[in-house]
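Asks: Sequence:
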Amino acid sequence: MNSNRNLLKRLLKLYPIKVVKEYFQETGNFADAIESITGNNTQQSIKDFAKKNYLYTKQHIYLYSINSNFRSNIMANFPIDIEDQSNSGGEYFYFCLPKINYKVTLFDPLAEDDLKFLQPLVIKIKNRILTIHFTKLEKTVSSYYPDNRAASRRSQSNHEAETLNKIISFFNTNFQTLPLDINKGVKHLWDNDHIDCRKVQWRRTSSVAMETMDEDLTFKEQYPIEYPKLITQPLSKALFKHLKEDEYLCDVFEADASKGLINIPRFPKDEKQVENVVTEILTNN
0 MNSNRNLLKR LLKLYPIKVV KEYFQETGNF ADAIESITGN NTQQSIKDFA
50 KKNYLYTKQH IYLYSINSNF RSNIMANFPI DIEDQSNSGG EYFYFCLPKI
100 NYKVTLFDPL AEDDLKFLQP LVIKIKNRIL TIHFTKLEKT VSSYYPDNRA
150 ASRRSQSNHE AETLNKIISF FNTNFQTLPL DINKGVKHLW DNDHIDCRKV
200 QWRRTSSVAM ETMDEDLTFK EQYPIEYPKL ITQPLSKALF KHLKEDEYLC
250 DVFEADASKG LINIPRFPKD EKQVENVVTE ILTNN
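Counting from 0, one number per residue, gives the positions in the sequence shown under numbering that gives the first Met the number 0.
FYI, nobody ran anything at the bench for these hints, they're computed from the structure.
Treat the hints with care, as some may be off.
What the hints assert, rightly or not - BS3-like cross-link-like pairs, simulated, lysine-lysine; straight-line CA separation at most 25 Å:
1. Lys-98 - Lys-12
2. Lys-8 - Lys-46
3. Lys-240 - Lys-258
4. Lys-183 - Lys-50
5. Lys-51 - Lys-102
6. Lys-165 - Lys-240
7. Lys-51 - Lys-183
8. Lys-8 - Lys-183
With the hints as constraints, model all of the structure from the sequences given.
Replies: Printed below as a string of structure tokens:
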């Protein structure tokens with residue numbers, strides 16, 4: 000169940016079908032392609048694919064500021080195994096594949112099982128900004144078991160929040176690490192009509208307000224009078240829609256701006272879209 004080959008199969012399923020098949024020059028359905036890829040390629044070549052194409056995945060991105068220049072020698076004591084690393088143009092890049100374990104309950108008959116995953120994790124440091132990319136794992140586990148066997152995830156160990164805490168604790172031993180407030184950068188994109196909001200949470204004087212738009216409607220377009228008031232307040236959980244037709248940014252993304260968190264809930268159409276979202280926010284922050 001948790002052989003190296005099965006772990007690699009689950010890893011490939013975190014990426015868009017089209018990207019996987021084109022990279023490995025496979026045809027046919029996805030299940031057959033994955034069987035062929037994991038049977039005919041080395042473990043390292045599949046991990047290389049995961050590293051090169053992580054920007055195609057659904058992901059959480061955490062942004063932090065550090066209070067002094069980064070020193071790469073500290074990474075010798077990093078608490079997570081580093082698969083690959085590089086330094087280009089002043090940006091330090093580290094790729095990891097921490098192993099995540101799901102505790103699964105199976106029914107008919109009742110049983111317990113462990114289901115393991117490799118989670119692509121990228122850490123980047125540039126200009127005193129720490130950027131952490133976590134590829135999102137599947138929440139449901141039933142597809143990994145026979146159709147006649149119901150399965151439910153009971154718990155998870157070494158999960159994303161746990162791994163993030165390890166990373167931040169490590170950096171805090173060497174720097175002061177704080178979540179990066181990206182309100183200014185997000186609001187710049189909103190104010191200049193690159194994006195508009197479909198759902199937004201913000202803080203009033205003595206309460207938290209939430210606005211969820213109907214269907215494909217967006218906040219600024221529907222409420223031009225309320226918008227100038229909202230744009231002055233710190234934004235919490237907000238779901239944005241890209242308004243341009245140039246495919247420069249992801250079609251939708253979520254931002255918890257006060258916490259420096261960006262969520263990419265769909266597969267990007269292009270590998271540059273995620274970086275463009277982050278770059279545009281940081282450039283205008």
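Asks: A separate judgement is required for each hint: does it hold in the structure or not?
Replies: Structure-based check of each hint:
no., hint, verdict
1, Lys-98 - Lys-12, "holds (15 Å)"
2, Lys-8 - Lys-46, "holds (11 Å)"
3, Lys-240 - Lys-258, "holds (20 Å)"
4, Lys-183 - Lys-50, "violated (31 Å)"
5, Lys-51 - Lys-102, "violated (30 Å)"
6, Lys-165 - Lys-240, "violated (33 Å)"
7, Lys-51 - Lys-183, "violated (30 Å)"
8, Lys-8 - Lys-183, "violated (41 Å)"
Checked against the numbered hints above, the structure violates hints 4, 5, 6, 7, 8; every other hint is satisfied.
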